[in-house]
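Colleague: These protein sequences, in sequence, are chains A and B. Once you know that position 261 of the first sequence is 270 in my numbering, the rest is easy, because the numbers rise by one and skip nothing. Once you know that position 215 of the second sequence is 362 in my numbering, the rest is easy, because the numbers rise by one and skip nothing.
Please keep in mind that the hints were generated in silico from the structure rather than gathered at the bench. Check each hint, because a few of them may be wrong.
To be verified - Within a straight-line C-alpha distance of at most 27 Å, the following computed BS3-like cross-link-like pairs (lysine-lysine) qualify:
#	chain 1	residue 1	chain 2	residue 2
1	B	K456	A	K134
2	B	K456	B	K562
3	B	K562	B	K383
4	A	K72	A	K133
5	B	K383	A	K174
6	A	K208	B	K493
7	A	K133	B	K429
8	B	K429	B	K562
9	B	K456	A	K133
10	A	K208	A	K12
11	B	K429	B	K469
12	A	K72	B	K469
13	B	K211	A	K134
14	B	K211	A	K349
15	B	K383	B	K456
16	A	K133	B	K469
17	B	K456	B	K429
18	B	K469	A	K134
19	A	K174	B	K211
20	B	K383	A	K134
21	B	K562	B	K469
22	B	K562	A	K134
23	A	K134	A	K72
24	A	K174	B	K493
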Amino acid sequence: MSKQNGFVEQTLANGLRVVIEPMPQVQSVAAGFLVRTGARDEPPELAGVSHFLEHMCFKGTAKRTWRDITVDFDNMGSTYNAYTSKERTSFFGWVRVEDLERQLELLADMMRSAIPPDEFEMEKKVVLDEIARSEDSIEHRVYDQIHRTAYGDHSLSWPVLGTDKTVGAMSREQLHAYFASRYQPANLVMVVTGAVDPKAVIGIAERLCGEWPAAAARPERRRPAAIPEGTTVIQTDRFQQQALVLAYPAPSAVDVDRETADVCLSILGGHNSRFFWNIIQEGVAPHVSVGRVDYCDVGMMIAFGFCEPSNSEKVLDAMRREIGTLSSDGPSEDEVQRVKNRARTSLALEAESPYYRYTQVVQDVDVLGRPRTVADRLGAIDAVTVGSIGIYTEAWPMTGVGCLTSLGPRDWPRM
Amino acid sequence: MSTAETYHHRRLDCGIELVALPLDGRMTTAFDIRVLCGMAEEPADRLGVARLVEGTIGKGTESKTAQELTDAFDAIGAQCGSGVGRESMVFRCSCLPEYAERALALHAEMLRTPTFPESFYEVAVDLARQELTALEDDPGELSQKLIGPQAYGPVLGRHELGTAESLDRMTRDDVVSYWRRCFGTGRIRVAIAGLVDLERVTAALERMFAGFNAGQDDDRSGHPAVFSPGVRHHQKELEQEHMLLCWPGLKITDDAYPVQRVAVSILGDGMSSRLFTEVREKLGLVYWVGAWQEFPRHVGMIFMGASAKAERAEQTARAMLKEADRLGEDITEEELNRVKTGIIAKSQTHGDITQARTSELSSDLFHYGRPIPLDEKNARIAAVTVSDVRQYLAEHPRGELCMMTLGPQALDEAKLTGGDAEPRTEKAGGGNSGGGCS
Chain A
10 MSKQNGFVEQ TLANGLRVVI EPMPQVQSVA AGFLVRTGAR DEPPELAGVS HFLEHMCFKG
70 TAKRTWRDIT VDFDNMGSTY NAYTSKERTS FFGWVRVEDL ERQLELLADM MRSAIPPDEF
130 EMEKKVVLDE IARSEDSIEH RVYDQIHRTA YGDHSLSWPV LGTDKTVGAM SREQLHAYFA
190 SRYQPANLVM VVTGAVDPKA VIGIAERLCG EWPAAAARPE RRRPAAIPEG TTVIQTDRFQ
250 QQALVLAYPA PSAVDVDRET ADVCLSILGG HNSRFFWNII QEGVAPHVSV GRVDYCDVGM
310 MIAFGFCEPS NSEKVLDAMR REIGTLSSDG PSEDEVQRVK NRARTSLALE AESPYYRYTQ
370 VVQDVDVLGR PRTVADRLGA IDAVTVGSIG IYTEAWPMTG VGCLTSLGPR DWPRM
Chain B
148 MSTAETYHHR RLDCGIELVA LPLDGRMTTA FDIRVLCGMA EEPADRLGVA RLVEGTIGKG
208 TESKTAQELT DAFDAIGAQC GSGVGRESMV FRCSCLPEYA ERALALHAEM LRTPTFPESF
268 YEVAVDLARQ ELTALEDDPG ELSQKLIGPQ AYGPVLGRHE LGTAESLDRM TRDDVVSYWR
328 RCFGTGRIRV AIAGLVDLER VTAALERMFA GFNAGQDDDR SGHPAVFSPG VRHHQKELEQ
388 EHMLLCWPGL KITDDAYPVQ RVAVSILGDG MSSRLFTEVR EKLGLVYWVG AWQEFPRHVG
448 MIFMGASAKA ERAEQTARAM LKEADRLGED ITEEELNRVK TGIIAKSQTH GDITQARTSE
508 LSSDLFHYGR PIPLDEKNAR IAAVTVSDVR QYLAEHPRGE LCMMTLGPQA LDEAKLTGGD
568 AEPRTEKAGG GNSGGGCS
């Protein structure tokens, strides 16, 4: 058992890593498993398999039916769920301290899912329904499209949910084989945050997971090609708005520039930002923002605009103008300080909640390989300066053609 | 909870009603300032004005421009938000404890001395028009808008965005007039929790709000709801049929409310609920299905919702209704205990979040006129028995309901309810909010 920076860690003999953050000031605990596999780890014919597996883990184990699983979660009043992203799958429950062992026992059992054959076709219908539901969302549609445009044939472009075609064609045997290769100790991390005794947690982990057989980690990931410049237009009458998405390369999740990027992009398109005052409050569009998606080896800055189709030119011009001005003139000291002030409060809020901390620790362990304290994260944001943002905007230019996606009723812009 | 909690509740001399819950060891302070006016206070021909007030009240005060006010909040790292409801407007803030007084002072300035600059007003109206377009791309929110007038009638059933016609009629004077009429300490409720210095907060509020339209007391009589049962369909090209069903329930202040809460949770809250189990897990009809309650001040409404592919929508609706109607037949002790544990445990785990405690206090003050200690609420839930639930369901059967579908295909009402009426079909997004409900 090692203690470092407020965290306690232990790696079991079979390779399963346990990361614990004791939070003596709270009365609850969040616990779960990070599975270090996601949509980008899938072969094209199995796009969506990670997400499908996430569903199937709720459908039965050697000792529990699907009904037993949900009843056992609800019998302890757990706030529980799971999610799948491009790079990871996470299962968690947030419970009262006295229910921690029960919660971990249930989650550990789910990591040994039976992928019950008699539940497979029924759950496939549910997943296909989830895909249909996502098709009714313009935000979802354009988010998937920008990944397709930016990453082309690379697996980062696969939609997390998969498609009707790939999910529809999946067999239970394919799912089971994928599960066996990924849900094993070298690819799993148990994370616990809250009012706990770390020694007791490690004892529980040994008892629940110590016998799991060791296996090789998932295959290494392949870095995608550079984001292409150009324009993609998807004309559809399904939506009333035009979605305009402008993307540029940005730091990856492990890049030392990531906090600088986040402060810069917050100044550009977050709260009290240039987009807010110069685009929204000029009445050009009600929804414009800037964010960064980051993966273990690449990242992408994305400026979103959702507007009346007839305003498309104005919105795109305005977004490019604001990006250009920030890139050429840099931010003011006040702008940088405001972001830092808000971050200070955000991190205090995070430190109050085992659930929020669980989510962050999972992310940090997955992409950085180590958890970070709230103070660590605050320190990294406090280190950002006007000067470092200037260096950043030169290193990660956002003023070129970029990668533009336009989705909506207008067949615009045509090159 | 493991430590005793002391709730402080009083009407301040300035007219504000304050409830405070000091919580030692917290890293933040959170407060809600609730002004008892919402969409229901809008003139009938000025729908959407409440949201315009909420959206422009921070766009300048007598001593600060919009940018200066926003920067002042950011100078202390305050995380603020606001929203308009049917009968109240909430201004919410979380901050580091050392900045709580400053955050309150900025809110006081914003609420007392807004200037509603013409330029920001015009932009707000323009943005509201654009939001109406955006609403058409959000089936979930659009469904809520469409069922509102059916469920609650023309006043309580309004949508915050108003209508294109009412926005066309609006002037800045309407915004100023709403603010003058509705904003004053008699209608302000403040809930604050976390690391709180009660004496300082009290003194600060007295000082900041003294003389602010103190005479405008809250009228607790509330607004009448008009429930219009029936099945309505709104045609829209979508992948799925989005459906909402609702029927009147008990008010949150009713003595039997904890029983209703347990019953609705058994029906549709969580993965082991009846709806999730039967409609999703056993039948595989949907990804999303659930049941919940809404509480305007003097009304309770029980909702069920789901979205399904068009070819499965009718079966989904029938399955949901079946579960609602058979609820009283076979409730077990085990099921009851599970739901009660869930409600109580979540109140405790989520209670670690200061903002969550503040929201709960603010809601209590709005509905009950006093804070209800968590232990008291949980004791009422713990006391619910199977026979209580059966009795509640026998005394409050579902009866007639409102059903709204949004999507590619109208459902056959006769197959749903045994009636023979043809469903009315309207084109979504055309004309007034929730058309077909008048």
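Colleague: Hints first: check each against the structure and report whether it holds.
Modeller: Consistency of the hints with the structure:
Annotation: proposed proximity of K456 of chain B to K134 of chain A holds, straight-line Cα distance about 10 Å (limit 27 Å). In summary, the hint linking K456 of chain B to K562 of chain B is supported, as the alpha carbons are separated by about 17 Å, within the 27 Å threshold. Taking the CA atoms of K562 of chain B and K383 of chain B, the gap is near 22 Å; set against the 27 Å cutoff, the hint holds. Distance hint between K72 of chain A and K133 of chain A is fulfilled; the C-alpha atoms sit about 22 Å from each other, no more than 27 Å.
Between the alpha carbons of K383 of chain B and K174 of chain A the distance comes to roughly 25 Å, so the proposed pair stays at or under 27 Å and holds. For the proposed pair K208 of chain A and K493 of chain B, the alpha carbon gap of about 26 Å is at most 27 Å, so the pair holds. For the proposed pair K133 of chain A and K429 of chain B, the alpha carbon gap of about 12 Å is at most 27 Å, so the pair holds. A threshold of 27 Å between alpha carbons decides the hint, and for K429 of chain B with K562 of chain B the separation of about 21 Å falls inside it, so the pair holds.
A distance of roughly 14 Å separates the Cα atoms of K456 of chain B and K133 of chain A; the hinted pair therefore holds under the 27 Å criterion. A threshold of 27 Å between alpha carbons decides the hint, and for K208 of chain A with K12 of chain A the separation of about 11 Å falls inside it, so the pair holds. About 14 Å separates the Cα atoms of K429 of chain B and K469 of chain B, which keeps this hinted pair within 27 Å; it holds. Straight-line distance between C-alpha atoms of K72 of chain A and K469 of chain B comes to about 31 Å, which puts the hinted pair past the 27 Å bound.
Under the criterion of a C-alpha separation no larger than 27 Å, the hint pairing K211 of chain B with K134 of chain A is inconsistent with the structure, at around 56 Å. At most 27 Å may separate the alpha-carbon atoms for a hinted pair to count; K211 of chain B and K349 of chain A meet this at roughly 22 Å. Restraint check for K383 of chain B and K456 of chain B: satisfied, since their Cα atoms lie roughly 13 Å apart, inside the 27 Å limit. A threshold of 27 Å between alpha carbons decides the hint, and for K133 of chain A with K469 of chain B the separation of about 24 Å falls inside it, so the pair holds.
Using a Cα cut-off of 27 Å, the hinted pair K456 of chain B and K429 of chain B holds, with the two alpha carbons roughly 17 Å apart. Proposed proximity of K469 of chain B and K134 of chain A is supported: the alpha carbons are some 21 Å apart, at most 27 Å. Note on K174 of chain A and K211 of chain B: the hinted pairing is violated, with a Cα-Cα distance of about 57 Å set against a maximum of 27 Å. Annotation: proposed proximity of K383 of chain B to K134 of chain A holds, straight-line Cα distance about 23 Å (limit 27 Å).
Using a Cα cut-off of 27 Å, the hinted pair K562 of chain B and K469 of chain B holds, with the two alpha carbons roughly 12 Å apart. For the hint linking K562 of chain B to K134 of chain A, the alpha-carbon distance of about 24 Å falls within 27 Å, and the restraint holds. The suggested pairing of K134 of chain A with K72 of chain A holds, with an alpha-carbon distance near 25 Å, which does not exceed 27 Å. A hinted pair counts as satisfied when its Cα atoms are at most 27 Å apart, and K174 of chain A with K493 of chain B does not qualify at roughly 39 Å.
The structure fails hints 12, 13, 19, 24 (numbered hints given earlier, in ascending order).
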